[in-house]
Amino acid sequence: FYDWYCDLPAASPQTWGEQTDVPESADWYNSTYIIITGANLPMTRTPDAHFASEVRYKGAKIVAMAPDYAEFCKFSDLWMPIRQGTDSAAFLAMGHVALKEYYIDKQDPYFQEYAQKYTDLPMQVMLRKHGDAYVSDRFLRASDFDNALGETNNPDWKTIVYDEVKKAFVAPNGSIGFRWGEDGKWNLLAKNAATQEDIVAELSCIDNLDSVVSVGFPHFNLGEDELLFRNVPVRKVKLANGEEALVTSVFDMQVAQYGIDRKLGGGNVAQSYSDANVAYTPAWAEKVTGVKAAGIERTGREFAYNASKTKGKSMVIMGAAINHWYHNDLAYRSIMNLLHMCGCVGQSGGGWAHYVGQE
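All residue numbers for the sequence shown refer to full-length UniProt numbering, where the first residue is 1 and numbers rise by one.
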């Protein structure tokens, strides 16, 4: 679909395995909260810009992120004069707020159901030793267990969740190993693939953990440590080869990655949003982006609140100004994380809307 000269958003195949699937511009009108960054709509989407103007007449809020007061900023209720190339810091801080307030402080039913069904947040990840601590390794697979949990076809390609009902590790329907395999299992039904019994995929093991370990997370910011060590709840699992492994969920890893305090001890966790020494708080993001922490915090909270109330009608419109910048994939993935945790991807009026070149 794309010519391969940076019109393609590399984060899309990295995350979903396909080039891009974004809404037509008319779907902007179905949204109720929009963040626009890196896409100057009146200039680059001239025939479509009226949708961004008209959606405000039915009550949608628009936040514009741009170093200069570009043409699209006139559509906005809030303009964030962000430093060039720092969009990811702002979105990581918004994700910090959304995770803390809608997954940790309380559990939003819509977000929980969406995360369990459509994301890899319940999937189990193996940890490997790194000095005195650990780092993430690979997904736990059906082939790691005795009898491959009953999966004889492509067990190396079937990821694992922990079932809250049976209190056991299971291979759920729908992972890539079922793509060329058994009929009726290449779907997102919440079932144990081997028995077709209903399951509830656990997001976190924090209430039923075996241990707490320090895990190193890569950190890409000049002048700060390249690895940030944060405590993560883990389970022990015996593998088919007789070894014992430590595993945790993608969700537990992500909460630690964002520096949210879950009373597990250790360093690099934020006591409040105003903790500027801990990545990725709003106060930390202010140092990087130049945008006031209060604005980042409020936007993250409003974005998540709107998504909760509307079942995903929060949208981020982005384009070439980010996609042609350094490390475009990481910037985009920081946005995708926020959209995933707020249940927006795949929802009319929500999700990510990347427009550049031929798209």
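By construction, these hints were calculated from the structure, which means they are not laboratory data.
Treat the hints with care, as some may be off.
[Said to hold, decoys possible] 20 Å max Cα-Cα, derived SDA-like pairs, lysine to any residue: (1) 309 x 166; (2) 311 x 85; (3) 311 x 166; (4) 117 x 195; (5) 287 x 277; (6) 167 x 58; (7) 166 x 129; (8) 287 x 222; (9) 58 x 29; (10) 106 x 221; (11) 167 x 222; (12) 106 x 271; (13) 191 x 113.
[Unchecked claim] Beta-carbon label-pair distances, calculated as ranges: (14) 147 x 29: 48 to 54 Å; (15) 309 x 46: 28 to 34 Å; (16) 165 x 236: 28 to 34 Å.
C-beta atoms are modelled at their ideal positions from N, C-alpha and C, and glycine is treated no differently.
**Hints that the structure is at odds with (numbers, increasing)** = 1, 2, 3, 6, 7, 10, 11 and 16
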